[in-house]
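A.B. asks: Required output: the full structure, derived from the provided sequences and hints.
Number of protein chains: 2
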Amino acid sequence: MAVYLDNNATTALGEKVLEAMLPYMGQVTGNPSSVHRFGRLQKDAIEQARESVARLAGARAEQVVFTSGGTESNNLLLNGFSRKNKEARIAVSAVEHMSLLEPAQHLLPAADIIPVDANGCVNVAQLEQVVSEQTSLVSVMSANNETGVIQDLTPLIEFAVQRGCFFHTDASQAAGKIALNFVDSGVHAMTISAHKLYGPVGVGALILDKRLPMTKIQFGGSQEKNLRAGTENVPAIVGFGRAAELALAELQSTATHVRDLRDALEAGLKNFSSISIFAERAERLPNTVQFGIEGFDGETMLMQLDRKAIAVSSGSACTSGKTEPSHVLKAMKVADALANSAIRVSFGKNNTMSDVEKLLAALTDIIEINQQSSVMMAATV
Amino acid sequence: MAVYLDNNATTALGEKVLEAMLPYMGQVTGNPSSVHRFGRLQKDAIEQARESVARLAGARAEQVVFTSGGTESNNLLLNGFSRKNKEARIAVSAVEHMSLLEPAQHLLPAADIIPVDANGCVNVAQLEQVVSEQTSLVSVMSANNETGVIQDLTPLIEFAVQRGCFFHTDASQAAGKIALNFVDSGVHAMTISAHKLYGPVGVGALILDKRLPMTKIQFGGSQEKNLRAGTENVPAIVGFGRAAELALAELQSTATHVRDLRDALEAGLKNFSSISIFAERAERLPNTVQFGIEGFDGETMLMQLDRKAIAVSSGSACTSGKTEPSHVLKAMKVADALANSAIRVSFGKNNTMSDVEKLLAALTDIIEINQQSSVMMAATV
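Top line first, the protein sequences correspond to chains A and B.
Using numbering that gives the first Met the number 0, read the first sequence as starting at 0 and increasing by one per residue.
Using numbering that gives the first Met the number 0, read the second sequence as starting at 0 and increasing by one per residue.
Worth double-checking, as some hints may not be accurate.
No copy is singled out in the list; a pair is fine if it fits within one copy or between any two copies.
To be verified - Subject to a maximum C-alpha distance of 25 angstroms in a straight line, what follows is the list of computed DMTMM-like cross-link-like pairs (lysine to aspartate or glutamate):
1. Lys42 to Glu14
2. Lys348 to Glu323
3. Lys209 to Glu86
4. Lys224 to Glu298
5. Lys209 to Glu367
6. Lys85 to Glu367
7. Lys209 to Glu298
8. Lys42 to Asp305
9. Lys307 to Asp43
10. Lys42 to Asp151
11. Lys329 to Asp296
12. Lys329 to Glu298
13. Lys307 to Glu127
14. Lys42 to Glu323
15. Lys42 to Glu298
16. Lys85 to Asp335
17. Lys329 to Glu356
18. Lys224 to Glu323
19. Lys357 to Glu157
20. Lys224 to Glu61
21. Lys42 to Asp296
Honestly, the hints are just simulated from the structure, not real lab data.
C.D. replies: Okay, structure coming up:
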């Protein structure tokens, strides 16, 4: 059995989630925009899921806008906000996911990048460097997809609000792993994705405080409170709702389970020489560890582990295959050679301690073989 | 059992389609962008589906870009083209779906509307009225969602190409109902949606000739040949592929089946006085009939039929609930009173002759009751 340790890239659809979706994937159908009984049934299912997603986010149902995923949510936020606020400057952290950084750079020439410290954290002083009179939106993620680092958003939100800015957080990696509280935190917008929390792919949400000026960017229908045209993906939305309910109910137990695995892995990793655990001292998601081993290439090691039927990542799935070091590690001023050796392990609720043991054994093999061939190469020189 | 006669709004997911999807909705997961075996399996599944969708469209696999649905495809086409061609004027027919008309109007102030004749058809003379030196893209749908009218695209494409324009067709309603031939027809872009042909919601395609200058509009990853960022919706894409295979294999048999039902319905409808079948003399999709009965309100009749457990539409699901008459019928210069009485019946492969009989019986009831109450009202005046 192959071992899947890449749960920050995507998670397996939960059995109970699939069960909830199947009644909407059969012979009874209907377009939620249709006024007849078939349509109304679908509409009701959407509204029930909206309640569940809102509860997970600590938001009110009417604040939830369903999208096709986290990438669309981030694009909708930035593009929709900038269409309404033509003069807006926005400030985004250097460690955001590319689905936030790229639209910021492409759609908004007026984007300023907030630097981070060596752990990838943003503090008020760093935010202050960047926020100007013209800044109207600040976006800092809740937790990083590569390192797992959790941002301390409270002082950042407070500062941004004092300066008259709106605040968005991409909680795609945080949702289902740590508690979220949209309303109480004072953020004005939040991104979540279903397939990161055992829900289906193809659905996400942008949670919006109505004070944030927004307009839709996909036209042709008045779905989702006129913020997202297009026939609603009802089975996926229903699955998202169920996954959100389960994630909320299991938040503590899942966190404890994956933290045990992660801590055991980190303890084992420390037996390897020249290993660095990125952002080790920062508060991190319980399931994530990203490390580097000097002298190794992360992509090569990933492929060597794959041949041993163990799936890990070198960073973000969305940028995999690229040869440049991760922009997250670069922003943390990790040296290129070490950044290029990065391996990310992200546990999920289906993993077991045996998976940790298999990974440690495989890493030991790979490192030993490499050292032998280095010795042999040195001997033949 | 309720009778579903609204298959142009959405169709029931096919059993074989669900079967194909389920292996991608279970415990084995992977992000198609991940380089490990879990990711590669997902990537392979996408590429296989791409072949099937291409075959249905008469296109090559590399021309297919998967999106979240027909609405996104139309938005991507217009917005992506206009970003690459800042000076472009585009010409779109007056009877397009709102997912084409709205982005044309919102995103491109430089959109010209091509008028249609009384059947809702575009001819070369009408296109010539609108196309200027500045026009660089023409968009005319393959078949209309409300009336079912099939456009004779060949002369329009020929004219557009002579004038140096690119040509797009929204084939969302045509796909699975009539043959498509992307390559041979000479169009440069085509929209298809899966849930109109017994595939899943949440997935569609924009089929693109590489000569058409395009750029992505959703940023943050290089998925779909760098034209659509975001984690691919693998189960939905796989389902789209399977639905496309089945639609192609069953094209003739489905068309014959639904045409028999439609013709029987039309024969029955002619027994009602003051009935008009819209675009009756034009070539239409085999499954669709839109009619009006003078003196009746379409939305009211829809609700009366719904109470009798029969689901029809008054026009497009995406604009339902609106009180204005359909923009399609307006463009055909149908009088408002008649347009407001419109009822659209769209058959699917699951319908039977008994459904036709139930609809005719229900309409007879509703019309009789209405006539009695009119007589009574006249008597009491």
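A.B. asks: All hints are to be evaluated individually against the structure, with a verdict given for each.
C.D. replies: Tested hints:
1. In this assembly of identical chains, Lys42 and Glu14 lie within 25 angstroms of each other by CA distance both inside one copy and across copies; the values are 23 angstroms within and 23 angstroms between.
2. For the identical chains of this complex, Lys348 and Glu323 are neighbours neither inside a copy (31 angstroms) nor across copies (51 angstroms), given an alpha-carbon limit of 25 angstroms.
3. Proximity of Lys209 and Glu86 under a CA criterion of 25 angstroms is satisfied intra-copy only: 20 angstroms inside one chain copy versus 35 angstroms between copies.
4. Taking the shortest alpha-carbon separations for Lys224 and Glu298, only the inter-copy value of 22 angstroms comes in at or below 25 angstroms, while the best intra-copy value is 44 angstroms.
5. Taking the shortest Cα distances, Lys209 and Glu367 never come within 25 angstroms of each other, neither inside one copy (57 angstroms) nor across copies (49 angstroms).
6. In the homo-oligomer, the alpha carbons of Lys85 and Glu367 never lie at most 25 angstroms apart, since the shortest distance is 57 angstroms inside one protomer and 58 angstroms across protomers.
7. Taking identical chains as interchangeable, the C-alpha atoms of Lys209 and Glu298 are never at most 25 angstroms apart, the minima being 44 angstroms within one chain and 32 angstroms between chains.
8. In this assembly of identical chains, Lys42 and Asp305 lie within 25 angstroms of each other by CA distance solely across copies; the values are 16 angstroms between and 43 angstroms within a copy.
9. Taking the closest pair of Cα atoms, Lys307 and Asp43 come within 25 angstroms of each other only across two copies (20 angstroms); inside a single copy the shortest separation is 47 angstroms, beyond that limit.
10. For the identical chains of this complex, Lys42 and Asp151 are neighbours neither inside a copy (37 angstroms) nor across copies (36 angstroms), given an alpha-carbon limit of 25 angstroms.
11. In this assembly of identical chains, Lys329 and Asp296 lie within 25 angstroms of each other by CA distance solely inside one copy; the values are 16 angstroms within and 64 angstroms between copies.
12. Taking the shortest Cα distances, Lys329 and Glu298 sit within 25 angstroms of each other inside one copy (17 angstroms), while across copies they are farther apart (59 angstroms).
13. Proximity of Lys307 to Glu127 under the C-alpha cut-off of 25 angstroms is found in neither arrangement, the shortest distances being 47 angstroms within a copy and 64 angstroms between copies.
14. Proximity of Lys42 and Glu323 under a CA criterion of 25 angstroms is satisfied inter-copy only: 22 angstroms between copies versus 45 angstroms inside one chain copy.
15. Within a single copy, Lys42 and Glu298 get their C-alpha atoms only as close as 45 angstroms, which misses the 25 angstroms cut-off; across copies the closest is 18 angstroms, which meets it.
16. With identical chains, the CA atoms of Lys85 and Asp335 are never at most 25 angstroms apart, being 38 angstroms at best within one copy and 39 angstroms at best between copies.
17. Taking the shortest alpha-carbon separations for Lys329 and Glu356, neither the intra-copy value of 30 angstroms nor the inter-copy value of 69 angstroms comes in at or below 25 angstroms.
18. Only between protomers do Lys224 and Glu323 lie at most 25 angstroms apart by alpha-carbon distance; the minimum there is 19 angstroms, versus 41 angstroms within a single protomer.
19. In this assembly of identical chains, the alpha carbons of Lys357 and Glu157 never lie at most 25 angstroms apart, being 45 angstroms within a copy and 63 angstroms across copies at closest.
20. For the homomeric pair Lys224 and Glu61, the shortest alpha-carbon distance inside one copy (9 angstroms) is at most 25 angstroms, but the shortest distance between copies (36 angstroms) is not.
21. For the homomeric pair Lys42 and Asp296, the shortest alpha-carbon distance between copies (24 angstroms) is at most 25 angstroms, but the shortest distance inside one copy (50 angstroms) is not.
Of the hints listed earlier, those the structure fails to meet are numbers 2, 5, 6, 7, 10, 13, 16, 17, 19, in rising order.
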